[in-house]
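Participant: Each chain, written out:
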Amino acid sequence: MKRALRWNMALAGVLFMLVALIVLPFWFVLTGSIKEPSEIIARTPTMIPQSFSLQHYVKLLSASDYPLYMMNSMIVATASTVITLLLAIPAGYAFFRMAFAGRETLYRAILLAYAFPSIVILIPLFGIFAKLGLIDTRLALVLVNVAFALPFAIWMLRSFFAGIPIEIEEAARLDGGAPLTVLRRIMIPLVAPGIAAVAVFTFVTSWTEYVFASVMILSDAKRPMPVGFSGIIGQYQIDWGLLLAGASLSILPVVILFAFVGRWFVAGLTEGAVK
Amino acid sequence: MKLPRHILPFAFIGPAIVFLAAMLLWPLAQAVLLSLQSVRSVGTTGEWVGLANYIDVLTDTDFWDSAWLSLIWVVANAVLQTLLALVAALALNQSFPGVRIARTWIVLAWIVPTVVVVMIWRWLFSTSGGIVNPLLLQSGLTDRAIGFFATPNMAFATLVFINSWRWFPFITLMMLAGLTRIPRDLYEAASIDGAGPWKRFTRITWPLLAPTLGVLLVIGTLLSFNVFDIIWLLTAGGPADATRTLPVLIYETAFKSYRMSEAAAVAVLATVFLMGFALLATRWLARPPEAR
Numbered sequence: 001m002k003r004a005l006r007w008n009m010a011l012a013g014v015l016f017m018l019v020a021l022i023v024l025p026f027w028f029v030l031t032g033s034i035k036e037p038s039e040i041i042a043r044t045p046t047m048i049p050q051s052f053s054l055q056h057y058v059k060l061l062s063a064s065d066y067p068l069y070m071m072n073s074m075i076v077a078t079a080s081t082v083i084t085l086l087l088a089i090p091a092g093y094a095f096f097r098m099a100f101a102g103r104e105t106l107y108r109a110i111l112l113a114y115a116f117p118s119i120v121i122l123i124p125l126f127g128i129f130a131k132l133g134l135i136d137t138r139l140a141l142v143l144v145n146v147a148f149a150l151p152f153a154i155w156m157l158r159s160f161f162a163g164i165p166i167e168i169e170e171a172a173r174l175d176g177g178a179p180l181t182v183l184r185r186i187m188i189p190l191v192a193p194g195i196a197a198v199a200v201f202t203f204v205t206s207w208t209e210y211v212f213a214s215v216m217i218l219s220d221a222k223r224p225m226p227v228g229f230s231g232i233i234g235q236y237q238i239d240w241g242l243l244l245a246g247a248s249l250s251i252l253p254v255v256i257l258f259a260f261v262g263r264w265f266v267a268g269l270t271e272g273a274v275k
Numbered sequence: 001m002k003l004p005r006h007i008l009p010f011a012f013i014g015p016a017i018v019f020l021a022a023m024l025l026w027p028l029a030q031a032v033l034l035s036l037q038s039v040r041s042v043g044t045t046g047e048w049v050g051l052a053n054y055i056d057v058l059t060d061t062d063f064w065d066s067a068w069l070s071l072i073w074v075v076a077n078a079v080l081q082t083l084l085a086l087v088a089a090l091a092l093n094q095s096f097p098g099v100r101i102a103r104t105w106i107v108l109a110w111i112v113p114t115v116v117v118v119m120i121w122r123w124l125f126s127t128s129g130g131i132v133n134p135l136l137l138q139s140g141l142t143d144r145a146i147g148f149f150a151t152p153n154m155a156f157a158t159l160v161f162i163n164s165w166r167w168f169p170f171i172t173l174m175m176l177a178g179l180t181r182i183p184r185d186l187y188e189a190a191s192i193d194g195a196g197p198w199k200r201f202t203r204i205t206w207p208l209l210a211p212t213l214g215v216l217l218v219i220g221t222l223l224s225f226n227v228f229d230i231i232w233l234l235t236a237g238g239p240a241d242a243t244r245t246l247p248v249l250i251y252e253t254a255f256k257s258y259r260m261s262e263a264a265a266v267a268v269l270a271t272v273f274l275m276g277f278a279l280l281a282t283r284w285l286a287r288p289p290e291a292r
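These protein sequence lines are chains A and B, in that order. Using this note's numbering, read the first sequence as starting at 1 and increasing by one per residue. Using this note's numbering, read the second sequence as starting at 1 and increasing by one per residue.
Read the hints as simulated data drawn from the structure, not as lab findings. A virtual CB, placed ideally from N, CA and C, is assigned to each residue, including glycine. There may be inaccurate statements among the hints.
[As the list claims (entries may be wrong)] Okay, the calculated beta carbon distance ranges per label pair:
no., chain 1, residue 1, chain 2, residue 2, range
1, A, 132, B, 44, 15 to 25 Å
2, B, 206, A, 132, 46 to 56 Å
3, A, 20, B, 6, 51 to 61 Å
4, A, 17, B, 60, 28 to 38 Å
5, B, 71, A, 173, 43 to 53 Å
6, A, 184, B, 67, 41 to 51 Å
7, A, 102, B, 154, 48 to 58 Å
8, A, 17, B, 206, 17 to 27 Å
9, A, 176, B, 188, 48 to 58 Å
With the sequences and hints as input, model every part of the structure.
Facilitator: What follows is the structure in structure tokens.
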């Protein structure tokens, strides 16, 4: 009995530490964004805001291009997600449901691509994109995001495809279904959670990508949020209220997405990871 | 249209493979070619110089300093991330009210853009205002504000903390998978035999989790090596080059000193090293689970 109590207290302690580590920073950011400037820089930080003001949000949305940056990020992340799914689903189907020569080698090559040091291709890719006229286009960012998300996306689909009984597929094929029809009508509905997982992964990585966007995008009007926001950070004299408001808003879209399909992402990550 | 059976799989994987080859392999080949020339900035042409860039790089102490920093960076992050993730995963593997919500939302730190992560921690760790320093001063743990980015060692340690903070939730989820695959009856049987929590951990959890931990250490190593944006945005490699890991050195050489070819040489060396590591690791990962 005594041991159980001690065990529970240890668990409570760890959980408390986790909450402090993960939730507390966001709590301070979120509450900070609605405090009056004088309270933000107060010597004693307040857990519960003592003042309330939306001035930082008003300033952010009216005096900067922030809404434009958000729009650009939305477009780039959505397009990247759709294209990644279009490439990853058929590839996953072939890798994990079909036998063919060179399958293992190709799959291993894909895993290697996942370990690719991305900075290495930044220099040559800039040159290639410059020749193709892709510099300063949102398409360039979509291509880059898809390239970095695709290997992991295929990997994540593995357990979802592997979990489907072979009989279902055979029955569909005996009924005369063409491979593409079998994939579309039978497999895709069955791996829907995996597709949701991949979609979340791709959207988040595209939403957060900074390095390539900072090099490939030149005009302010095409900047995605991370690059635009870092511009705002450097542009004004440090105005913490404004930055806290920007930080809070930047988190919002991914949090909303996560609220709906987050558990599938968690399932996808945990299922695919160790199998 | 009907494709022969042996062509069909390639029709399905073809687009993905071609895309990855064009976006990753082709630029990599270009990087190799670039490293054998003397190009200074993008768009200009250079002469073929053979291995001169490699000789320059390998005889430059900057390269070796960065390589050494990268090694420490990777080890420190892999260890800290995996430890944090292990503790978190063990806790989230218990049953308590709200555990499902906790399992989903632990990744909050990972879904936030790095630019925002950087901004948040710069504010929290700020020496004027901020949150951490006032709290430390108030509690009397220190009588002077701590400059978390001021000295080389401090800046390096702070960066390791922030980077691990961002990535450990991701690792936690993958570790949870390993934990949930350990049969519950093992724990029940051990409890009946009178084994306490610690004994259950050392005799059941640890041995059965070890393979997963190995996999995650490899993944953590690859993820950490490639980290560039957090470092660049927080310290830009400073103070006194204390945080200039290889990706930062590559970026600096290419886009600050305009020595593209030399940067490409460093990049190729880094790739060879990392790919060698990844090849060994995936060979191990690709083995069937029983053999691990």
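Participant: Taking the hints in turn, state whether each one holds.
Facilitator: Each hint tested on the structure:
| no. | hint | verdict |
| --- | --- | --- |
| 1 | A:132 <-> B:44: 15 to 25 Å | holds (18 Å) |
| 2 | B:206 <-> A:132: 46 to 56 Å | holds (52 Å) |
| 3 | A:20 <-> B:6: 51 to 61 Å | holds (57 Å) |
| 4 | A:17 <-> B:60: 28 to 38 Å | violated (43 Å) |
| 5 | B:71 <-> A:173: 43 to 53 Å | holds (52 Å) |
| 6 | A:184 <-> B:67: 41 to 51 Å | holds (49 Å) |
| 7 | A:102 <-> B:154: 48 to 58 Å | holds (51 Å) |
| 8 | A:17 <-> B:206: 17 to 27 Å | holds (21 Å) |
| 9 | A:176 <-> B:188: 48 to 58 Å | holds (50 Å) |
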